[in-house]
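4 protein chains.
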Amino acid sequence: MKVGIIGITGYSGTVLYTLLAQHPKVSQVILYGSTQETQMLSERIPALGKNDIIIKPFDVKNIQQETDCLFCATPSGVTGKLMQPLIDSAFPVIDLSGDFRLRSEQLYENWYHQKGRQLSPAHKITYALPEFTTNYTPYIANPGCYATATLLGLAPLAKAGMVEAGSIITDAKSGVSGAGKNPTTSTHFPFINENLWVYRLNQHQHIPEITQQLSDWDASLQQIQFSTTLLPITRGIMVNTYAKLTQPVTQSIIENIFTQCYAEKPFVRFRGAQLPTIKEVVGSNFCDIGVMWNPSTKIVTIVSVIDNLMKGAAGQAVQNFNLYFGFEETVGLPQFPLFP
Amino acid sequence: MKVGIIGITGYSGTVLYTLLAQHPKVSQVILYGSTQETQMLSERIPALGKNDIIIKPFDVKNIQQETDCLFCATPSGVTGKLMQPLIDSAFPVIDLSGDFRLRSEQLYENWYHQKGRQLSPAHKITYALPEFTTNYTPYIANPGCYATATLLGLAPLAKAGMVEAGSIITDAKSGVSGAGKNPTTSTHFPFINENLWVYRLNQHQHIPEITQQLSDWDASLQQIQFSTTLLPITRGIMVNTYAKLTQPVTQSIIENIFTQCYAEKPFVRFRGAQLPTIKEVVGSNFCDIGVMWNPSTKIVTIVSVIDNLMKGAAGQAVQNFNLYFGFEETVGLPQFPLFP
Amino acid sequence: MKVGIIGITGYSGTVLYTLLAQHPKVSQVILYGSTQETQMLSERIPALGKNDIIIKPFDVKNIQQETDCLFCATPSGVTGKLMQPLIDSAFPVIDLSGDFRLRSEQLYENWYHQKGRQLSPAHKITYALPEFTTNYTPYIANPGCYATATLLGLAPLAKAGMVEAGSIITDAKSGVSGAGKNPTTSTHFPFINENLWVYRLNQHQHIPEITQQLSDWDASLQQIQFSTTLLPITRGIMVNTYAKLTQPVTQSIIENIFTQCYAEKPFVRFRGAQLPTIKEVVGSNFCDIGVMWNPSTKIVTIVSVIDNLMKGAAGQAVQNFNLYFGFEETVGLPQFPLFP
Amino acid sequence: MKVGIIGITGYSGTVLYTLLAQHPKVSQVILYGSTQETQMLSERIPALGKNDIIIKPFDVKNIQQETDCLFCATPSGVTGKLMQPLIDSAFPVIDLSGDFRLRSEQLYENWYHQKGRQLSPAHKITYALPEFTTNYTPYIANPGCYATATLLGLAPLAKAGMVEAGSIITDAKSGVSGAGKNPTTSTHFPFINENLWVYRLNQHQHIPEITQQLSDWDASLQQIQFSTTLLPITRGIMVNTYAKLTQPVTQSIIENIFTQCYAEKPFVRFRGAQLPTIKEVVGSNFCDIGVMWNPSTKIVTIVSVIDNLMKGAAGQAVQNFNLYFGFEETVGLPQFPLFP
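Residue numbers (the working numbering), protein chains in the order written: chain A, 1030 to 1369; chain B, 1030 to 1369; chain C, 1030 to 1369; chain D, 1030 to 1369.
Chain A with its partners taken away, still in its complex shape:
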């Protein structure tokens, strides 16, 4: 198969390239830029080495002729404008951006502060958290990094109808690569090093993405109290979720529910009461999850960790690619984290 990538120079695009270039089912990776000039990959990202791969100008027709599938690793706002022809023609697209994750146009405008996309009801888009997606459409909205870690942590109890509505509080933390490649005051090393920064509190665009999925699982779960903290690390997300439950439980009951839910899922490693750390998944597509029931407060704490650029972006995109095209779910993805 031949695959295309747009947005190679961003962090997600770079990681996506390194995965697809080594993917046994991919014969060629073709790169497209957002500008009209041709660039050399080796000049833009020397770490990827001196292969003479060019970054071509973006052109919808060329993409459909040259590739079998397009990955979009562009900032929000780009695919909403550019992808309409590919959606119309049912060309396979895996979109890592947030543009098509929300079903509601109004929610998109409210949380992304951008004009909505113009979709007719006929346009089919799959929001694909791969552990829970069975029917794929050609256009796949790859979940957001925070949403992935939060939803995988909540899924077993939420799908079982065990989470008390209005009780979910999520304290999520992310490494700085999640903020992208452009230098800003909050990614300036002397600012965030030896520091923590709570940002976009109650305003993060992953909030409606999470509640959209949660309420699909359990219609009573319409709300989440959600905070995001920038960490002085490059890669990785840790999400602590606290919730009350709708029925009496024990640690053992909760562990059984998680174990069963993820028994067949190769990229979720349920760790029981052993709470995972971020480094145990960095460089891999794993989501590690631990849980702890507190019988005094009647609150369950769920700790889930991912590599934001892998399971939170490029790795999950490849996982969706594998599932959509019928390959083995794990092919082309590393079996281990980069550890230590």
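Since the hints were made in silico from the structure, they are not lab data. Be a bit skeptical, because a hint or two may be false.
In this list, chains with the same sequence are indistinguishable; a pair is considered to hold if it fits within one copy or across any two.
Claimed, not checked - Restricting the straight-line Cα-Cα distance to at most 30 angstroms, the calculated cross-link-like pairs of lysine-lysine (DSSO-like) are:
1. K1031 to K1294
2. K1090 to K1054
3. K1031 to K1188
4. K1079 to K1153
5. K1327 to K1273
6. K1188 to K1085
7. K1327 to K1085
8. K1031 to K1153
9. K1144 to K1110
10. K1079 to K1294
11. K1110 to K1210
12. K1144 to K1327
13. K1188 to K1079
14. K1090 to K1144
15. K1188 to K1327
16. K1031 to K1054
17. K1294 to K1054
18. K1273 to K1110
19. K1090 to K1327
20. K1054 to K1079
Chain A is already provided as a structure; the job is to place chains B, C and D on it using the hints.
Okay, now just chains B, C and D, sitting in the frame of chain A:
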């Protein structure tokens, strides 16, 4: 005044020494070790320079003769055993350890996993969070680092009776210096660097310290869901506390309550909706606090930050020292953080 | 005394302000900005707290009327343009920038890539490395951070004529705060975290500053091989200097020379064969130095460390201020590093 | 092929396992511990996941029966004692430790402070820096991390006889994973974070390893001035080497020599005057090298970077494994670094 320190070689003791050695009301700092041998400070901690200060063996009688006040920067378990004679004789002691923070012997044994102290009801000890302490006894239990940041964040609303019982969830994070000076697997650089680690979940010994104080302020507040995460930074604590309130509020109402509560408190800087970062207080005795009301979820988020070795240990000890002896509250404490 | 600062919003200016605002000989600090608008300090740097200090527009006449001394913490190129009237009128200025460190106009243009200053021979400027400065003029050029650490490491042997010409190789490393407050690709956290970056090799503007001073001490020392590496830390510089010597030595002979040279210098702590680490000086004005003679290679290794914002900038400026005005050299400067 | 590993719980052993478990030419990896008890891999290193691989007791006979090749990732001192039978029987061993790198027994004892090995002249051991090794013996001494980066940087000029004897000065820096998995005071996070530490100056055991190889290339190169600095990062080494040359050169002449030397070497990426950074190789087996000639000082600066656990240990071991058994040199090794 002459002051003594035991526990100089630990991090809190070292910081305490640097503060007291430059304190304008302190003429001499005398150091006591826990062993019987005499040591040179310059050999134990070269960063403090080549002054020829000795660390004397610990001796209660000498301390009472040579000093006007003793600071204890020892691990938990030490002062519970050693301080009885000084308590009996009403000698001024500022104890940075956890040994005398809990009024209940039983709670102490449950959470510290140590034998309780043998105190009679006549023995007076003050748990002294200085912003809210008016009557000092000679023996002062300096609050714990997590407890300080959590309690200062909750105090305005808790004292106003506005916090809904059972609704408090605290997600607290600390730099590694909080774990002390002894190398362990969890303080090993390759483990905690680029990582986060949730530890002692539901078992941290500051939990009963927090609920003891909270229930003094509002008897309905008997519980707190409390998690602690180790951060890849050296100094600093950030505490996110989430709570529901007992009455309808707005952001402005909440801000007014905090502003009034801390108007006269020199070391608490209330920042309104501007959420503070850790680096803004490191090196200082400040606790910076920001709040954000979420009208959708009806949950208030309180973010409080301190330097765990200053406001969370040595700085607060000096603040208590100043207040107990009638000095100006801020004397001998830096006016600014080390920034950047 | 009343002092003025221009450049308060940069890192050196911020640290300078925190030192001068607590300096016992300074009654008032007046802030000047480079723009014509008035700003509030608390809005620009919230970490400094809610004091209502304004940043006034820059005005030479006002400065001369309102202050007794001006500190310039501006980027290179600013004081070269603005300070002429103050130089002409012999008004005390302590200039932290590089504009007046080099005596040669030509060297300044070559290394700073800026037009030279227009100085007549009558204009007196002191390049003031305070440990070796005896005659101060009102206009003081405060040494650069790398130059300070390198020169203090080399001074004892260079002044003794013991360094072999052409043999000096310096491998210098600096924290990111040395690159200033503006975000760039090289200060972006995901770039420099977990990384090292050799920059401006053979082109750093501190090279001619170092050789100017070295050749003053020993006319044969006209060259230095000098590299600079950006470190994933916020504050601090470590300089490793390697050199051959002009005569047979032992470790003990070398240690004696350093000990004698710095016996009376309060801010240089010679550590003998115990090589210093950066953290032992961060937050302080100390330069710690260790040396190691290698009898096999006949090369001496000198390791010197400073806090680039203290001894490398603001702290040394205060030290020069103290010396120029006849105060005790150490007044207003912390006695200890922030440790750990 | 079936391969064995001893020392799986150390960092090099862990990385080796992740490489070999995914290596297309390896059908099975069998783990041996140094104790007599059987352990589960998942309990020792949870990050590697829940596969039920056991760590068997070490037994020479079993190893020879069960495997085709043994990798030793043990501390120095272990293989010197245990490997004699395997050397005697010409069983393929790739030894990542330092025990057999030095040909001289005396040098081994002097630098490793251990009793020498008992080898007869008939015992053949290859010190295998793979870029320059043509004849392999079954027993392969895998080079040290510092030695690899230093030698690859110096090889082109040294082999051309262009390096001036006595002029080599190397300033090497390493991440903390190089110090191993056991917590010590110098790997304690609050010590090394935001710090640099020059250690074992003039005493590092890689010095004789480097000069042994250098003098093989050019008999005049018997000495190197070599310093090692611990960095506040987990993985990666940067080596700056400074040297004078024996003949007049230009930047272009030097670049040509490097380009030619490494034209056919898949894991050395010569970058010309673009100096590499550590992160560009972390997670990969690459050694990136940049050079800069200084016409003023007549000194060349060579900057070489590797991942100490990959090209400096486990990756290079796999590279040697590939070459020894006649596989393609790059098989089983990632084509890209983990970037960012």
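Status of the hints after comparison with the structure:
For the identical chains of this complex, K1031 and K1294 are neighbours both inside a copy (27 angstroms) and across copies (29 angstroms), given an alpha-carbon limit of 30 angstroms. In this assembly of identical chains, K1090 and K1054 lie within 30 angstroms of each other by CA distance solely inside one copy; the values are 23 angstroms within and 41 angstroms between copies. For a Cα distance limit of 30 angstroms, the shortest separation of K1031 from K1188 qualifies neither inside one copy, at 37 angstroms, nor across copies, at 44 angstroms. With identical chains, the CA atoms of K1079 and K1153 are never at most 30 angstroms apart, being 40 angstroms at best within one copy and 38 angstroms at best between copies.
For a Cα distance limit of 30 angstroms, the shortest separation of K1327 from K1273 qualifies both inside one copy, at 6 angstroms, and across copies, at 16 angstroms. Taking the closest pair of Cα atoms, K1188 and K1085 never come within 30 angstroms of each other, the shortest separation being 44 angstroms inside a single copy and 42 angstroms across copies. Proximity of K1327 and K1085 under a CA criterion of 30 angstroms is satisfied in neither setting, with 56 angstroms inside one chain copy and 43 angstroms between copies. Taking the closest pair of Cα atoms, K1031 and K1153 come within 30 angstroms of each other only inside a single copy of the chain (23 angstroms); across copies the shortest separation is 49 angstroms, beyond that limit.
Taking the shortest alpha-carbon separations for K1144 and K1110, only the intra-copy value of 10 angstroms comes in at or below 30 angstroms, while the best inter-copy value is 48 angstroms. Proximity of K1079 to K1294 under the C-alpha cut-off of 30 angstroms is restricted to the inter-copy arrangement: shortest distance 13 angstroms between copies versus 37 angstroms within a copy. Taking the shortest Cα distances, K1110 and K1210 sit within 30 angstroms of each other inside one copy (22 angstroms), while across copies they are farther apart (36 angstroms). Taking the closest pair of Cα atoms, K1144 and K1327 come within 30 angstroms of each other only across two copies (29 angstroms); inside a single copy the shortest separation is 43 angstroms, beyond that limit.
When the C-alpha separation of K1188 and K1079 is checked against a cutoff of 30 angstroms, the pair qualifies only between copies, where the shortest distance is 25 angstroms, while the shortest distance within a copy is 48 angstroms. Only within a single protomer do K1090 and K1144 lie at most 30 angstroms apart by alpha-carbon distance; the minimum there is 25 angstroms, versus 53 angstroms between protomers. Taking the shortest alpha-carbon separations for K1188 and K1327, both the intra-copy value of 19 angstroms and the inter-copy value of 25 angstroms come in at or below 30 angstroms. In this homomeric assembly, K1031 and K1054 come within 30 angstroms of each other (Cα to Cα) both inside a single copy, at 9 angstroms, and across copies, at 27 angstroms.
For the homomeric pair K1294 and K1054, the shortest alpha-carbon distances inside one copy (21 angstroms) and between copies (27 angstroms) are both at most 30 angstroms. With identical chains, the CA atoms of K1273 and K1110 are never at most 30 angstroms apart, being 41 angstroms at best within one copy and 41 angstroms at best between copies. With identical chains, the CA atoms of K1090 and K1327 are never at most 30 angstroms apart, being 57 angstroms at best within one copy and 50 angstroms at best between copies. In this assembly of identical chains, the alpha carbons of K1054 and K1079 lie at most 30 angstroms apart whether taken from the same copy (23 angstroms) or from different copies (27 angstroms).
The structure fails hints 3, 4, 6, 7, 18, 19 (numbered hints given earlier, in ascending order).
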